[in-house]
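So the protein lines, in turn, are chains A and B.
Here the first sequence is numbered in my numbering, starting from 8 and rising by one per residue.
Here the second sequence is numbered in my numbering, starting from 8 and rising by one per residue.
Just so you know, the hints here were simulated from the structure itself, not pulled from any lab data.
The reader is advised that the hints may include incorrect statements.
[Said to hold, decoys possible] Using 27 Å as the maximum straight-line C-alpha spacing, the simulated DSS-like pairs for lysine-lysine come out as follows:
1) A:Lys89 with A:Lys243
2) B:Lys358 with A:Lys112
3) A:Lys243 with A:Lys176
4) A:Lys89 with A:Lys430
5) B:Lys112 with A:Lys112
6) B:Lys430 with B:Lys78
7) A:Lys426 with A:Lys294
8) A:Lys78 with A:Lys89
9) B:Lys112 with A:Lys358
Number of protein chains: 2
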Amino acid sequence: MGGSQIPPLPSREGLGEGDKKGNSYSIKLFHEVLRYCSAALLQFMKGLFGDRRTAAPSYRRTVFMQFEILKSDKNSSARLGKCHTAHGVFHTPAFMAVGTQGTVKALTPEDLREMGAEIILSNTYHLYLRPGHERIRRLGGLHRFMHWDYPLLTDSGGFQVFSLNSLVKISEEGVQFQSHLDGSRHEITPEKTVEIQEALGADIIMCLDDCTPYPASHEEAERSLEFTLNWSQRCKGSHHRGDQALFGIVQGGMYPDLRNRSVEALREMGFDGYAIGGLSVGESKEKMVEVVSQTVPLLPPDQPRYLMGVGTPFDIVQAVQQGVDMFDCVLPTRNARNGMLFTRAGRLVIKNARYADDEGPIDPGCFCYTCRNYSRAYLRHLYLAEEILAMRLNTIHNLRFYLTFMGEIRQAMAEDRLKEWVKTCYDQGASEEDNDPGQLDPWRASSPKKPAGKRNPAPVRTAPMK
Amino acid sequence: MGGSQIPPLPSREGLGEGDKKGNSYSIKLFHEVLRYCSAALLQFMKGLFGDRRTAAPSYRRTVFMQFEILKSDKNSSARLGKCHTAHGVFHTPAFMAVGTQGTVKALTPEDLREMGAEIILSNTYHLYLRPGHERIRRLGGLHRFMHWDYPLLTDSGGFQVFSLNSLVKISEEGVQFQSHLDGSRHEITPEKTVEIQEALGADIIMCLDDCTPYPASHEEAERSLEFTLNWSQRCKGSHHRGDQALFGIVQGGMYPDLRNRSVEALREMGFDGYAIGGLSVGESKEKMVEVVSQTVPLLPPDQPRYLMGVGTPFDIVQAVQQGVDMFDCVLPTRNARNGMLFTRAGRLVIKNARYADDEGPIDPGCFCYTCRNYSRAYLRHLYLAEEILAMRLNTIHNLRFYLTFMGEIRQAMAEDRLKEWVKTCYDQGASEEDNDPGQLDPWRASSPKKPAGKRNPAPVRTAPMK
């Protein structure tokens, strides 16, 4: 360890050329100087008293993120919260729209803010391959690059490596893969993902994890968990930016003992927040609920909990009641582009002939830009004509639906009527004609395409851990 | 003729269900009643005194459109004008963005208004095939359908029939073709295009014309012109809506005598404005300028003149000085989607590697939303990643460039300095590195794809007119 833990002396270049012109330059410079001084002081103290730490130098405790719990629900484990980051506040339970390649498809940041988005997510894997994290660092970081000056989370890239590549090799060292763009060979190690995510500069970054496939035997799940725990430790050890929160990811497949062990180990390492990974990968809804309900109570009560890649509004409201604070999912955005729209009454498939002369808005109760200004008939026309505007208007509606849904959950909690709200919500969600018959969750299509987390041929795992 | 000229008694249904909720319902109802009464009165008078008209019943004189010429340039034939329509005013010289399928690709009406668009164009051919003009009529007309409550022009559909279909048969009766969507057979006659355009309800509609191919012999051009003149007469005779202006289209190929004859015949019929068609179809720039400069002086001085499908900013500023008032072209929107951006200094091809780390805006002198908020590096990334947002941001920039260009022309005219402005404009337009060497017009690519007006295998013309 030693001197390598002191971050480099701040320079204009290191902060990104772009920031010279930006307003945040002086603030960032101040932070960097502060970080440098605290690291130097720590190093000096170590010299005097010796180093009793194995990882996580104490200056990481200056981390910017603060999580406040404003209220706990009396009938469930739900919490109403507020998360302060270096780029502002977001309220929990929160839904994060997915902006894979540095843009939430078809939307501008202004569109997102107008519909109430407070935090979004972007994918490390895609940005690492194109345009490259060093380029984004030079251009002043991802916030500046994509013109989003609000809270931002990046994933570790591990999940995308598994789901987008057929030739993946997982070893203790990290993950080797070929780019889906040009076939070039790459390796993402725990240290590498932290380096990339520090270059991107999101407010919350994630540890590299091995997303356990489904189904997996206990032995397979255990071996996969070993990788995750080893990698988490190394991520924590190599993370330096004090203005970023680092979240650990709980794995362990569908096995309670492994999930238990995962949480214990991660808590011992100490993270700024905890994610539940390895769900929404093809298991039944009941299984997911079971794992979440077993895992959440084990997590620290005062830190944010993030259920990755979940899900339908139905899934979300259930997980909220189990005490989850953060969610992300491609459902609202991807479905929008496929013409599947969310309404209070369930799914609406805009290409259906019944909407050809339908003058009404997608959802009479919705106040989004799309519903305020366009008829189902026009949206159907745009969709069938493959117009770009169809993507935008549909995405605006679906995302606004999700964000309004989250807002209503928070409002209900603030007014101590979450239980009643959830009941009303379930009662409403079954009347839309496009719903699949017999489907309990009105927002879930009965014949989904390839499940979101279904990975390509099982990656080769070498050198099983002890 | 007889009774068929009386429009049907207005009903809520005829006016479109949608208008019941809209503010404009009572205004439209009033117009419809007025139209009905004047038609009935005319019919009564015919009964008393006989019908001395062959076409164009006099109630068409209640047409809403008014064209004011505010100023004439002292050094050229340019005019500064203002055109009042049933949906508001647009200033001339005006550029109309093309909204083929009832949407300017990738933009909302709010985007268009923000960048200064006052009038846009939509294509009858596409809307007739999908979603169908009767459907749009039922839904309250095209303005309401597409949420654009400002001046709107529709073309006759003839040009698209020629350019999108390989099996076209032109006869005295009209144009027969197969849909590019499903191969179904259709015929557009002069009466049919008026019927469709009345259903769509644009403020300015166009006569059906036969766009003379290039090159064409004098005989071919003459025969084609005969079709156009016959059709123009029939369009005029079948047009009833008093809130729509009807424009005639001058044809005649590259032959001055035929252009002359075309103008004379159209003036005799009497239209609310005159378009110059059959240009930008593959002829040289010099030829185009020649034909425009010969044709414009023959047109009525107090009515708007519209040069169809033209062109680069260079083409436009030349035609403005020859006295043209209105333009439309797909260049700014189509080029935007192909990553070709307009700047004062010429063309900028955003995918070029030199922009990979370029922090600057597309055009430092531009104030569009895109230039205010995004770097060339980000726009290059979006374009290469095939993101939908790339289309939108590029289109916003290019269209804003065109509209600002038109605004500057008008401003220069208002301040009596058009000549100086044009000179500065030419001087600037040669410095961008992406410009084609040796190309006089900095905004024209030297190797265009298939010219805009190049038609498929020559349509079969039957029954040559006498």
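Tested hints:
1. This hinted pair checks out: Lys89 (chain A) and Lys243 (chain A) have alpha carbons roughly 24 Å apart, not beyond 27 Å.
2. Restraint check for Lys358 (chain B) and Lys112 (chain A): satisfied, since their Cα atoms lie roughly 19 Å apart, inside the 27 Å limit.
3. Restraint check: the Cα-Cα separation between Lys243 (chain A) and Lys176 (chain A) comes to about 23 Å, which is no more than 27 Å; the hinted pair holds.
4. Pair hint Lys89 (chain A) plus Lys430 (chain A) holds up; C-alpha atoms about 25 Å apart against a cutoff of 27 Å.
5. Distance restraint check for Lys112 (chain B) and Lys112 (chain A): the Cα-Cα separation of roughly 16 Å lies within the 27 Å cut-off, and the hinted pair is therefore satisfied.
6. Only pairs whose Cα atoms come within 27 Å are accepted, and Lys430 (chain B) paired with Lys78 (chain B) is accepted, the gap being roughly 20 Å.
7. At most 27 Å may separate the alpha-carbon atoms for a hinted pair to count; Lys426 (chain A) and Lys294 (chain A) meet this at roughly 23 Å.
8. Of the pairs offered as hints, the one joining Lys78 (chain A) and Lys89 (chain A) holds, with about 10 Å between alpha carbons and a cut-off of 27 Å not exceeded.
9. About 19 Å separates the Cα atoms of Lys112 (chain B) and Lys358 (chain A), which keeps this hinted pair within 27 Å; it holds.
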